[in-house]
Each structure stands twice: as structure tokens, then as C-alpha cells.
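Q: The lines below spell out each chain.
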Amino acid sequence: MKNKKYYVKNKNYGYLAKEGVRGVFLHGFMSFAAVCVTVACLIIMGSFSMIMLNLDHMVQELDQQNQVLVYVDDSLNEAEAHSIGSQINLIENVFDQEFVTKEQALESFVAEQNDPTMFAGLSADTLRHRFVVTLQSSEKMAETVEKLKALEGVADVNAHLEVAEGFGTVRNVLQFVSYAIIIILLVVSLFIIANTVKLALYDRKDEIGIMKMVGATNTFIRIPFIIEGSIIGLLSAAVAFFAEWGIYDLLTRKISELDTLRLFSAIPFSDVLGTMVLAFVGAGLFVGIFGSLMSIRKFLDV
Amino acid sequence: MIDLKDVTKVYPNGTHALNGLDLHIDDGEFVFLVGPSGSGKSTLLKLLTAELRATTGSVIVNDFDLCKIKKSVIPYMRRTVGVVFQDFRLIQNKSVYDNVAFAMRVIGASEADIRKRVPYVLEMVGLDSKGHRLPDELSGGEQQRVAIARALVNNPAIIIADEPTGNLDPARSLEIMMLLEKINALGTTLVVVTHERELVNRFTKRCVAISEGKIISDGMDGYYQYEE
Ligand SMILES: Nc1ncnc2c1ncn2[C@@H]1O[C@H](COP(=O)(O)OP(=O)(O)O)[C@@H](O)[C@H]1O
Ligand SMILES: [Mg+2]
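Chains as they are written, first to last, in the working numbering: chain P, 154 to 455; chain A, 996 to 1223.
Keep in mind that the hints were calculated from the coordinates and are not lab data.
Since the structure is predicted, the reported quantities are computational estimates derived from the model, not experimental observations.
It cannot be assumed that every hint is accurate.
[Said to hold, decoys possible] Computed footprint of chain P on chain A, listed as stretches where at least three residues anywhere in the stretch have a Cβ under 8 Å from a Cβ of chain P:
| # | segment |
| --- | --- |
| 1 | 1051-1061 |
| 2 | 1078-1087 |
| 3 | 1100-1111 |
[Claimed, not checked] In silico DSBU-like links for lysine-lysine, alpha-carbon gap of 30 Å or less:
| # | chain 1 | residue 1 | chain 2 | residue 2 |
| --- | --- | --- | --- | --- |
| 4 | A | K1125 | A | K1177 |
| 5 | A | K1041 | P | K157 |
| 6 | A | K1041 | A | K1209 |
| 7 | P | K158 | A | K1177 |
| 8 | A | K1063 | P | K162 |
| 9 | A | K1089 | A | K1111 |
| 10 | P | K451 | A | K1065 |
| 11 | P | K162 | P | K293 |
| 12 | A | K1041 | P | K351 |
| 13 | A | K1000 | P | K171 |
| 14 | P | K171 | P | K351 |
Heads up, the beta-carbon is just placed ideally off N, CA and C, and yes, glycines get one too.
Use the sequences and the hints to build the structure in full.
A: What follows is the structure, encoded as C-alpha cells:
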């Protein structure tokens, strides 16, 4: 067909890239605003992710401590109490047991306190003899705890069950809240970028009209705006990533200074560096590309 | 090649802009399209560029059937048709050279081809020394020459011009018409809409008169056939 010569293959990628970059600077203020809002959204999203990761980490640590405390009934004397150990050994899933007298328990409790003198007058009789029982697997913890409780002379068994479950609930709620916030913020970023690109489109309405008139394909018209959106998204991702890193390191350092009991051990940021880079870049590109596509769609249907 | 058969166009608001119009224009022709304001001339041109679709009838332009054309093919069809408007439609912040080069860039032409083709086209319209100027540093006639260069740069089979001299004084208008005639002589089909009887009568060209969306005369005897 004689029209074949009009099907030109694209040989001008440089033009597309240049136009995309130009767009960012042409609307400098809007681009700046879009980057700021997207950075804020990404930081909040990142922070919630870090909180989630840390909670998971804590739950895992609790799981790993597959030790339970078996308190012996007050009516038993030390020798009687000690003798329960052999029965504990017979229970399935028990790996090891160690007898701790109430005096030893008091000693170590006082030693753990910041100010040992505060507890100097405390009598060992307020505590009970106990066994520190190490389990083979924490999975069957609940079952094993029941068996330990059933032993004669055992008053109570203190497992981390409730703590673990409590944490689980907190985590689930937080997870839900986090997902909700992350989705809302993604949508916010998406709209901000969409509006920036829309402004760019309005600015170049005449240009686009001419492009269509001379036979530019919709893809060709779209690409510079997608590049513009992607640059904004990637720039935001970079800024947000380093800000997140700084904030997280600062916060965890402050917390560990206050947390002298070492109750809380934060995941070092370096452990999640790769994942975080991917997540930030992914989220940035996502809002950049879809934000621009959203605003272009309506525009090209002429 | 343009071929319209029994074309009607009814706008969504109910206006019947074209009412059973037949028109055939061969490759290489120069055709004036005349008629009173509101007679449907611009509507007809918009059908030729696939900016609008005919309500009924058939519209064929350069072997593209515009009644059946897929959206994705329209850009390629438009590369076969150069368009010139009364209001020039230049990009104000781009130089003359870049305005013309723009039309090549946005269809993906290489910079090497652009560097070869744009100066050639600018020379053809008589603006080879003004490539670096901005549109508002040019006269109206010169701006229209830029628009013509842009329409020409991708080497279309047809150029259509909707009142290209509507904003120009008679001397500039004549120059523009002579330029279009020259382009036609080099092989491009020309369809020129105009109001100016004097101008049409200075050329011995086919003249198609439209009134109320229908062709009322078509011949070489000029504009006088049609009365305002
Ligand atoms: N977008 C539109 N919607 C509705 N009516 C229109 C539209 N464009 C043009 N018309 C009507 O169609 C008729 C033909 O218009 P047009 O093709 O612009 O005429 P011309 O170019 O010959 O002056 C006129 O009655 C005009 O009012
Ligand atoms: Mg008109």
C-alpha cells in the first residue's frame, strides 16, 4: 500500500526523554509540591511498615523463648518441690528443667533491678519455688502447659501464651490500620501526581492538539508525561528513603537509651535495606506512572 | 485521494451540518472549497482528518476508510494529510525551526532526518533565514508560512487549509495562495477553504461551492457561481 511510508518507526527516544525531564522543571513549583507530598506519604507508609516489622520481630523473639515457669505450691518444702523435677522430665515435649528456689529467684530479681536497695527488705517467702522448663518446640506450648498444670504440687504455670496472643492481637489491629493508612496515602499521592501532570497537560494543550493533528500516536504523546510522573515518583522515593533511614536510626537509638531493661530490641535498618529500597522505589514508580496515566486518559480522547 | 459518498453529519445537538454530500478529489488536484459561513466547510474538513466521524455515508482519504478506521490507525492516517488553519496554531515558545521540526519529532523521526528535511522545507516557504525567530517576531503572512512548512514537512499526500488567508491582508493572501499553488505543482493535493472571491478568481482552479451542507456547484469557472 502506498501509505506504508507514513508508518515511521520511532527513532527519536532522546526527544521523549528530554520532554519528560523538561516537564518536571517547566512546572517546578508543582513538581516540588508533588515531591513533598509524596515524600510525606512514603515516609508515613515506611514508618508503619517498620513498626509492623518490629512487632513481628518481637513476636518471633517471644516464640523463640520456649521456656515456661512452673511454680510449685506454697505448701511444699524445698526438697518436696525439687522432687517434682523428675515428673516434669517425663512429660512429652519437655527438653530440660532447672529447679530455682525462692531464695535464688529473689536474688536474681533484685539483681535485675536498677536500684537493688529498694528491694533489700523483701522476703523470699513472697515468691515460690519454681522450675524453668525448656520445651522442645513452642508450637505445642499450650498442650504442654496443660500437662504441667495437671502435675501434683504445681500451683501455676507461667507461659508467654497470653503475652504472645496479646501481641498477636495488637499486631493484627496495627496491621489493619497500617494497610488502611498505606492505601489512603497511596491514593493521596496518586491524586497529587495526577494533578501535577494534569497541570502540565493543560499547559501543553495546544501542543498536544498539534501533536494529534500531525499524527503523533497516543503512546508517543503519553510517554513524556509518564516520564515526568516517574521522575517525580523516583525523586520522592529517594528523598523519603534516606529520611526514613535517618528518622528510624535516630528513634531506635533514643529508645534503646531509655530502654535500659532491654525489653525492646529494634531491627537494625540495615537488615531491611534492600526490601525498603525496593518498596520505596516500587511505591514511587507506581504513583508516578499511574498518576500520570490517570490524568492523560481523559485528555487524549479527542 | 479523497472520496465522499452521500455523506451526512448531524451534530449531537441536532444540527444538520452536511446533507448528502458527494465529492471526489484526485491526487494532484488543487480545489477551492467555498460557501457562506455555516454552510459546513469546516465540518467537511474535520471529516477528512478523522476529527469527526460522518453520521452516514462513506469517507475515504488516501485509501483509509474513515468510517471503519480503528482509533489506533488514525495517527498514521493523519500523517498523510497536512493541515493549515486560519489562526496558524504555532507553539509560541518554540522557534520557527523547532515548530516545523516538532511535527517530525512527534512522529518519531530521527534528528538526522530532521536536520536534513526542515531547512529544505523552510527554504521552500521562503523562511530559510528566519529559522531561529519566535513566532511573534514574524508577520502574519510569515507565521502562516511556518504553519504551511509544518504541514508539509512530513511529506503528506494532501494538504487541507481552512481559510488560511482569513487573517491576512490581500497582498499577503495572494502570496500564500501562490505558495500553495507551488506546493501543488510539486505533487501535493491541495484543498483550500476560502471566503475571498477576488482571490479565487485570480486562479483558474476547480472550485466547489457548498451551501447548507450540499454541493451546489463544482467546476473550473470560479467563485462567481455562488452568491452570498
Ligand atoms: N461542534 C458543533 N456542534 C454543533 N453544531 C456545530 C458544531 N460545529 C459546527 N456546527 C454547526 O454546523 C454547521 C456547519 O458549521 P461549519 O462546518 O463550521 O461551517 P463553515 O466552516 O462553513 O462556516 C453550522 O450550522 C454550525 O453552527
Ligand atoms: Mg469554518
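Q: For every hint, state whether the structure bears it out.
A: So, going through the hints one by one against the coordinates:
Under the rule that three or more residues need a Cβ within less than 8 Å of chain P, the assignment of the segment 1051-1061 of chain A holds, with 3 such residues. With 3 residues having a Cβ less than 8 Å from any Cβ of chain P, the segment 1078-1087 of chain A passes the three-residue criterion, so the hint holds. For the segment 1100-1111 of chain A, the assignment as covered by chain P holds, since 8 residues bring a beta-carbon within under 8 Å of that chain's beta-carbons and 3 suffice. Under the criterion of a C-alpha separation no larger than 30 Å, the hint pairing K1125(A) with K1177(A) is consistent with the structure, at around 20 Å.
Note on K1041(A) and K157(P): the hinted pairing holds, with a Cα-Cα distance of about 23 Å set against a maximum of 30 Å. Annotation: proposed proximity of K1041(A) to K1209(A) holds, straight-line Cα distance about 16 Å (limit 30 Å). In summary, the hint linking K158(P) to K1177(A) is supported, as the alpha carbons are separated by about 23 Å, within the 30 Å threshold. Proximity of K1063(A) to K162(P) is assessed by CA-CA distance (about 24 Å); at most 30 Å being required, the pair is judged to hold.
For the hint linking K1089(A) to K1111(A), the alpha-carbon distance of about 19 Å falls within 30 Å, and the restraint holds. The straight-line distance between the Cα atoms of K451(P) and K1065(A) is roughly 18 Å, inside the 30 Å bound, and the hint therefore holds. The suggested pairing of K162(P) with K293(P) is violated, with an alpha-carbon distance near 66 Å, which exceeds 30 Å. This hinted pair checks out: K1041(A) and K351(P) have alpha carbons roughly 26 Å apart, not beyond 30 Å.
Between the alpha carbons of K1000(A) and K171(P) the distance comes to roughly 45 Å, so the proposed pair goes past 30 Å and is violated. Restraint check for K171(P) and K351(P): satisfied, since their Cα atoms lie roughly 19 Å apart, inside the 30 Å limit.
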